[in-house]
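S.K.: Once you have looked at the hints, place chain W on chain U.
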Amino acid sequence: MAVVMDAAMDKAWLVQRLQEALAALEAGDETGWRVQIDALAAARTQPMMAGLSRLARELGQALGELPTVTTDAGELDDACARLDHVVTMTEQATHRTLDLTEECRALTARLGEEALPLLEQQQALERIRHNLTEIALTQSYQDLTGQIIRRVVGIVRRVHEGFGALGLPPELQAQRQQGRHEPALAGPAVHGVDRHAVSQHDADDLLSDLGL
Amino acid sequence: MRILIVDDFSTMRRIVKNLLGDLGFTNTAEAEDGHAALAMLQSQSFDFVVTDWNMPVMTGIELLKAIRADARLKTLPVLMVTAEAKREQIIEAAQAGVNGYIIKPFTALTLQEKLGKIFERLAASA
Chain U
1199 MAVVMDAAMD
1209 KAWLVQRLQE
1219 ALAALEAGDE
1229 TGWRVQIDAL
1239 AAARTQPMMA
1249 GLSRLARELG
1259 QALGELPTVT
1269 TDAGELDDAC
1279 ARLDHVVTMT
1289 EQATHRTLDL
1299 TEECRALTAR
1309 LGEEALPLLE
1319 QQQALERIRH
1329 NLTEIALTQS
1339 YQDLTGQIIR
1349 RVVGIVRRVH
1359 EGFGALGLPP
1369 ELQAQRQQGR
1379 HEPALAGPAV
1389 HGVDRHAVSQ
1399 HDADDLLSDL
1409 GL
Chain W
15 MRILIVDDFS
25 TMRRIVKNLL
35 GDLGFTNTAE
45 AEDGHAALAM
55 LQSQSFDFVV
65 TDWNMPVMTG
75 IELLKAIRAD
85 ARLKTLPVLM
95 VTAEAKREQI
105 IEAAQAGVNG
115 YIIKPFTALT
125 LQEKLGKIFE
135 RLAASA
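In the order they appear, the protein sequences are chains U and W.
Just so we're on the same page, my numbering is the position in the first sequence counted from 1, plus 1198.
Just so we're on the same page, my numbering is the position in the second sequence counted from 1, plus 14.
Because the hints were derived from the structure by calculation, they are not lab data.
Ideal Cβ placement from N, Cα and C applies to all residues, glycine included.
It cannot be assumed that every hint is accurate.
[Unchecked claim] Within a straight-line C-alpha distance of at most 20 Å, the following computed SDA-like cross-link-like pairs (lysine to any residue) qualify:
1. W:K79 <-> W:L52
2. W:K100 <-> U:G1385
3. W:K131 <-> U:L1408
4. W:K131 <-> U:L1410
5. W:K118 <-> U:T1292
6. W:K79 <-> U:T1292
7. W:K118 <-> U:R1393
8. W:K131 <-> W:G35
9. W:K118 <-> U:D1236
10. W:K118 <-> W:S139
11. W:K31 <-> U:E1300
12. W:K118 <-> U:L1296
13. W:K79 <-> U:L1274
14. W:K31 <-> U:D1297
15. W:K88 <-> U:L1410
16. U:K1209 <-> U:L1250
17. W:K31 <-> U:C1302
18. W:K118 <-> U:H1399
[As the list claims (entries may be wrong)] Listing some non-contacts, in silico: residues in chain W with all C-beta distances to chain U over 10 Å:
19. R16
20. F39
21. T42
22. A43
23. E46
24. L52
25. Q58
26. A85
27. R86
28. E98
29. Y115
30. G130
For reference, chain U alone in the conformation it holds in the complex (with noise of 0.2 Å):
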């Protein structure tokens, strides 16, 4: 059925849905009359309808060309546990660091005393070569870690062309974002991205002008 009509014609068919409506009124046709006002209401309603269900194919499509939701999710979760996993990892690494430099300091301290034996001041630069290496070792977390943290930043990039493919624009969606979270602390400045971070000069200064 047409949607859009040609005003003219959609005046003529008014005024004869209407006559003929006053019409069956006047006679006490009661089913002729509700068949009339029944086409009105109709003709009123099916123009939103088409807008509505055009409106629905379309998101179909978008969605279809998208992620599915439940993905969406499972990626973000997904995301969440392999940063946990790299909070894990770098706390483990550092631990295991600090644990061989305070050995290292420990055995330092040794070789400063008067009169160590020859044999245990070998035995105690031995140990301490030993840790140096384990601590390079453990600087090979860094490549794990950012490796996921690489994967997750995908798995956001993806999301993110995901909104930007609802048609949603970026301040829309930062707004959204910000609306959903309380505004948290900003955490560790990061170069070229926090432009309101200030330096340990800085910071100084400032408290130096509120007299610190």
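M.R.: Showing chain W alone in chain U's frame:
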């Protein structure tokens, strides 16, 4: 001199503890958030607090304000060691009565300088 180190990351507490140890401050204790720190400050004796800002349960700035609002603790020196580096945050900390502010990542030398400056000022005002 007994120092309380407050940070939610055990690695950072350990690093600060080692750096303080190098500077001759070997009497330290640790707390993982402001709430735990406040409980320790109220039940034990401390001369100095080194605190992070961003921590769960109770943040460093809340801890600082709680210390300044506590009649028995209000003069306790507090050094903030944090990744938070916005102008407004530094001003907020200063207004809340912080004694020093170090932005992470920091060097051993920065920690030494800030501690020295705080003790100098305390000695001058005493």
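S.K.: With reference to the structure, classify each hint as holding or not holding.
M.R.: Status of the hints after comparison with the structure:
1. W:K79 <-> W:L52: 11 Å, holds
2. W:K100 <-> U:G1385: This hinted pair holds, its Cα atoms lying about 10 Å apart.
3. W:K131 <-> U:L1408: It holds: about 15 Å lies between the C-alpha atoms, which stays within 20 Å.
4. W:K131 <-> U:L1410: 9 Å, holds
5. W:K118 <-> U:T1292: 16 Å, holds
6. W:K79 <-> U:T1292: 32 Å, violated
7. W:K118 <-> U:R1393: 16 Å, holds
8. W:K131 <-> W:G35: Measuring from Cα to Cα gives roughly 18 Å; hence the hint holds.
9. W:K118 <-> U:D1236: Status violated; Cα separation ~72 Å.
10. W:K118 <-> W:S139: 28 Å, violated
11. W:K31 <-> U:E1300: 11 Å, holds
12. W:K118 <-> U:L1296: With a Cα-Cα distance of about 18 Å, the restraint between K118 (chain W) and L1296 (chain U) holds, given a limit of 20 Å.
13. W:K79 <-> U:L1274: Roughly 37 Å between the alpha carbons, so the hint for K79 (chain W) and L1274 (chain U) is violated.
14. W:K31 <-> U:D1297: The hint holds at about 13 Å.
15. W:K88 <-> U:L1410: Since the Cα atoms of K88 (chain W) and L1410 (chain U) sit roughly 17 Å apart, the hinted pair holds (cutoff 20 Å).
16. U:K1209 <-> U:L1250: 24 Å, violated
17. W:K31 <-> U:C1302: Given that 20 Å is the threshold and the Cα spacing comes to 16 Å, the pair holds.
18. W:K118 <-> U:H1399: 12 Å, holds
19. R16: At about 21 Å from chain U, R16 (chain W) clears the 10 Å cut-off, so the statement holds.
20. F39: 16 Å, holds
21. T42: 14 Å, holds
22. A43: Non-interface label stands for A43 (chain W): nearest chain U Cβ at 18 Å, farther than 10 Å.
23. E46: Non-interface label on E46 (chain W) holds, nearest chain U Cβ at 13 Å vs cutoff 10 Å.
24. L52: 19 Å, holds
25. Q58: About 25 Å separates Q58 (chain W) from the closest Cβ of chain U, which puts it past 10 Å; holds.
26. A85: A85 (chain W) is indeed farther than 10 Å from all Cβ atoms of chain U, at 23 Å.
27. R86: Holds, because the least Cβ-Cβ distance between R86 (chain W) and chain U comes to about 23 Å, which exceeds 10 Å.
28. E98: 6 Å, violated
29. Y115: 6 Å, violated
30. G130: 13 Å, holds
Hints 6, 9, 10, 13, 16, 28 and 29 from the list above are not met by this structure, while the remaining hints are.
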